[in-house]
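Chemist: So the chains spell out like this:
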Amino acid sequence: MTLNGEEVDVFFASYKTLLEVLREDLGHTGTKHGCELGECGACAVLLDGKPVLSCLVLALECDGRNVMTVEGLAADGNLHPLQEAFADLGAAQCGYCTPAILVTAKALLDENAHPSRDQIREALSGNLCRCTGYQQIFEAVEAAVVRIAEQRNQLT
Amino acid sequence: MGFGRHMPKQKEWPDLPVKDSPADAEALRVIGVSRRRIDARAKVTGQTRFADDISLPRIAYCKLLRSPHPHALIKRIDVSRAFAHPGVYLVLTGKDLPIRYGILPVSQDEQALCTDHVRHVGDPVAAVIAREELTAFEALDLIDVQYEILTTISDPQQALETPEPRIHDYGEEGNIHKRIALEFGNVEDGFAEADEIFEDTFFYEGSTHLAIEQHAALATKDPEGKLTIWSCTQTPHYLHRALAKVLEMPPAHIRVIATPNGGGFGGKSEPFPHEMIVAKAALLLDRPVKICLTREEVFYCHRGRHPVLMKFKTGVKKDGSITSMQLQTLVDGGAYGSYGVASAFYTGALQTTTYHIPRYRFQACRTFTNKPPCGPKRGHGTVQPRFGQEIQLDKIAEKLEIDPAELRLRIVESPNTLTANFLTLGTVGLAECLRRVVRSSGWNEKFRKLPEGHGVGLACSAYLTGAGLPIYWNNMPHSGVQLKLDRGGGVTVFCGASEIGQGSDDVLAAIVAEVLGIDTFDVRVYTGDTDLGPVDLGSYSSRVTLMAGNAALQAAERARAMLAEAVSKRFEVPQHRLRFVQKHVFDSAAPERRVSFPEAICLAEAQFGTIGTVGSYTPPKSSALYKGGGVGPSPTYSYTAAVVEAVVDPVTGWVTVPKVWIAHDIGRALNPPLVRGQIEGGVYMGLGEALMEEQEFRRLPKKLSHALVHKFPSILEYKSPTALDMPEVVTELIEDPDPRGPFGAKEVGQGPLLPVMPAVANAVYDAVGVRIDEVPITPEKIVKALAEKKAGRAPRFGPSHFPPIHWPEALRVPPPWEGGDGQAVNDVRRQKKPDAEKEKVSAS
Amino acid sequence: MMRLPRFEFRAPRKLEEAARILAGEGTAALPLAGGTDLLPNMKRRQQVPRTLVSLRRVEALRENEIGPAGSRLGACLTPAEIAGDLRFRNGLTALWQAASQVATPQIRNQATLGGNICLDTRCNYYDQNYEWRKSIGFCLKKDGTTCWVAPGSPKCLAVSSTDTAPALLALGARVRLVSHSSEREVPLSALYDNDGIHYMRKMPDELLAEVLLDSLHGWKSTYWKLRRRGSFDFPVLSVAAAVRFSNQGVVEEARIVVGSVASRPLIAEEAEKFLRGRSLNQEAIAECARLAARVAKPLDNTDFDMSWRKRVTTQFVSYALQELRGDDLQSERTRWTHLALPF
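Chains as they are written, first to last, in our numbering: chain A, 1 to 156; chain B, 1001 to 1844; chain C, 2001 to 2343.
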């Protein structure tokens, strides 16, 4: 499969989910787990650009597909604006739910460059956080929206 | 809040001041500035190494077999089939780890694996270590255990009525773990003086921490042959001590590394069976052994909020002042002691810290039950009685026809005083918190004025900033920090504190950076490692900012003094003229006379030899000298006031909370976004407890089964609010620095949770006129209460019965204003000098 | 952490191939579509198939046609695709609202319509991990002999927990079932049985391939879901309603379905009959709601108190009918779902 833009080959026990293969066979421990049953969202990754729960995806089903994890968010040596915003605005406290929220938010912004607060809430409604109360997370996403727009304007 | 304003000014610094001015001398450049926390980058790139992220070559995996019975004796265990299963390396049972341990010296009642007595569904009985986790799981089914079923004890009421079989063979008697009776002043006199007396019974359901990170630990025999264990613990020092005891090893040969916790909230603050087990297995196998608990197993570890039944009797004058308060609590302890004795004391200790209570009697009874053990959860034991007290105050305000905010303002305790139970208060910002939430919420325009179905509720609270006494009796510091200063200008902070998400690493770096005039990016922090850092007791009771912070402050000031002396000698200027700003040390009278921070270090090293400083912190001695006075004292207390708006549908009882206003007396916010995050996180967790969280158990029909199981040990069915369920929170900080805290800081990790639940209950009353005197406040309870109201009966839902308990004779401690000295006048045990090691009940 | 049990894996590319494998393996094989229900069940050892037959590569199951004359929806259409497709509005609103409220955004990206229609029934005593179920001596639905919801009950009382099925029933849907040897089309209502174990009248080797909808021109439909939180949770009560009005605003045809109060979605026939020929005024709505709630006999097998769920049934039917007659119930919807979903 393609992992964060690079092709990888990996051998793994066939009963493993994508979550387990990422963490245990590919050394990408950025993606976390809180329940392994699809009930918390901590294992979210992007599969062919869409947020899914990697604990409920068989690794066997990922042949030839495109996976993005938190490790792939930074580009050209720079953090993604979402990462910068989360870091600066207190959106990560213990940081355990953060990778899943980051990739889910990235998918949101890829699809909708200017989401409303309600749309951000809905997009992140599948990610539980026990630390922040979500408010600073929403603000960080909104700040990233502004920063991404600024970057786009600078390019054009 | 614009993103640009909060970009870290890591590389942009203001120009050097030209002339010295008092303002410049006072100006803080790190403390109080909104900054990216030092561990943020690691967290947002997924590089933070949580316990389950760590792996080593030849790693083996451990799974635990747990009791399926709530109460039973183990007659026989046969592990031979499991041991023979391909891929299995080792099987352990109770006989391999029989030594008892526990977080409190007075309740060392746990075994890593039960030898003969299982006390709740989930109690660990055997451990399989295998090459793959799935193999270990498959082998569990091959272990044969023969149990003899004992009577299931489901709740405190049954525990009181069922002295046999005993869940533990220690404790007061039968299945009563601990009873407490303390009296400060003659409460009956106070009731006689009162114009009105209020008696109310409340129930606070248990809840669990539900940190997203499940407990995990990895143990290994390191290359030198010593034990190293990584674990997501909040208390590496206490784990260190327990491992030494259970493994019968010198602590010097054990290294505990507390990995950054993916949330703790009190659920990871004591030694656990799985930690002992992987340590033992790693030593026996000489290979790394890891365990990661499933979510269900985390529910069985629990150590969460004790369910508490409370009965308040409060006497007041017409003006609202309290003449007397009596509080009785019945505490459901679960199967083991845990922090429970301290928890039981906490169900009464802090009632006196918010409003002046001249006479106070407190009685508590903790029982054992056959459920996962309860322990400390954010707010530790003070949450439940705060719920009761704040609702009762609302009822009092209504009867006396005083506005609830006004009533509280009249009776707020004074700063820097002793309470009836000899707690020494520091700054008390509660009045200002009240005024702020009243103003920001529009309280006066809304309270009792909103249309049917809409309401606002108000509540206050206080919380300690670090327990004044350690868990085990000793005279040593509670926190220590070592600093190393490198010639290149880097500063390394070593401290035993553990980062559980609250930002403690950042606090340490910020304090050091502020004092030395450098940037937090120049500071490296090593925490939670018993080999590297001096002891810090752990991340619990909101102690780290104040205690580790003060230790860091002392170490940094000592380092600064050495550098100042060396620089002063170099320039021949008096030390007091030197400023440490922007990675330079310069003469304030002539700023061109300066050296860089690294140069200053080199000067100091040349003068003194290798530079290193230490700082430590021990809380001031408490005045609560009576037995039981070990729980409650703290260097200072934080205060919070909250207003909650609720919308209640009168037909279905459906409750929503659209908005919360909260003001917190924090002393000083060391890093505003982090402080705000703690407050909003506290509100979040409070709303969860108020509306939907329940650690509830199901007793199957007795004729058909002895089973007592957790109703829903999953993160789906145990309800925690999602992004869609969280209302808007308006946060205000009251900053009146308290000199007891570093730069005046007090706690923020737990206090803001407390007022939320009673504020919700009070808001529901304002909305539809019914009292829900318990949590969670759910639609069907509101519907039932509305039906009662309609039928002309008391418009409430909640407990009405507090069972008769045989209380011991109360220890009588005259309060300060009656000439008391903090000691009991009738403590029989004080006649002979008590062995401090055994007698002292320590705090959490 | 929890791990899947060991299994064999087959990945057919054609529907016939998938059907053939299922027929050959018998009950030891289960089809795998999104896996969002099956994989958790496997991790908890509620379902332990020897072989998983992945349907991911079967293109035919993702084909769909949506139009004014009717629709054919491939079983592997995801709830996210339904929620995001503007064609699922107007008459098909109930399906759109139901799909939008399944679980969470991530699960909606992976789950399938077919999987949701065939969703395993749920219960407080069944949807638990292996060790938990062992400690209660298992239950009637899996490995035990007692239904703990009602110990005297001869049949399993696990709850139907699908969001899309009640909506599809209100829309008069049919399904096409394909097996190795045959193919049949049945009304969706004929697919279900009110039994927590045998809740689907389909052979183990039959695959639900397609959902068929006739033209819904002139219909209005809506779906209300009750759950504790704004996401994650399964429905503990749902109401799907669809009405076709005459030019004078009188109800010509009505379908009212109450979900998650039995082992299958229940059709409130009495309530439907009552509405025909009436206009949706306050009295008619109230009486219809009362009649519809009569079919709801919730038990203590889900979140929330069961008598309270019954009370909400009446309220939800009222809400649904008010919406269908054109009232703006946005604020009620937001209060119950924590998210504004435009009707």
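These are computed hints drawn from the structure, not numbers from a lab.
Keep in mind that this is a model prediction, so the values were computed, not measured.
Be aware that a few hints might be false.
To be verified - If the Cβ cut is set under 8 Å, some of the chain A residues that face chain B in the computed set are:
(1) 8
(2) 11
(3) 12
(4) 29
(5) 65
(6) 134
Claimed, not checked - Mimicking DSSO-like on lysine-lysine, the simulated pairs with C-alpha atoms at most 27 Å apart in a straight line are:
(7) B/1395 with B/1075
(8) C/2220 with C/2310
(9) C/2014 with B/1703
(10) B/1703 with C/2220
(11) B/1075 with B/1399
(12) C/2142 with A/16
(13) A/50 with C/2310
(14) C/2202 with B/1784
(15) B/1790 with C/2220
(16) C/2014 with C/2134
(17) C/2134 with B/1075
(18) C/2310 with B/1790
In this text, a Cβ means the ideal position worked out from N, Cα and C, and glycines have one as well.
Chemist: Which numbered hints does this structure break?
Modeler: 1, 2, 3, 5, 7, 9, 10, 11, 13, 14, 15, 16
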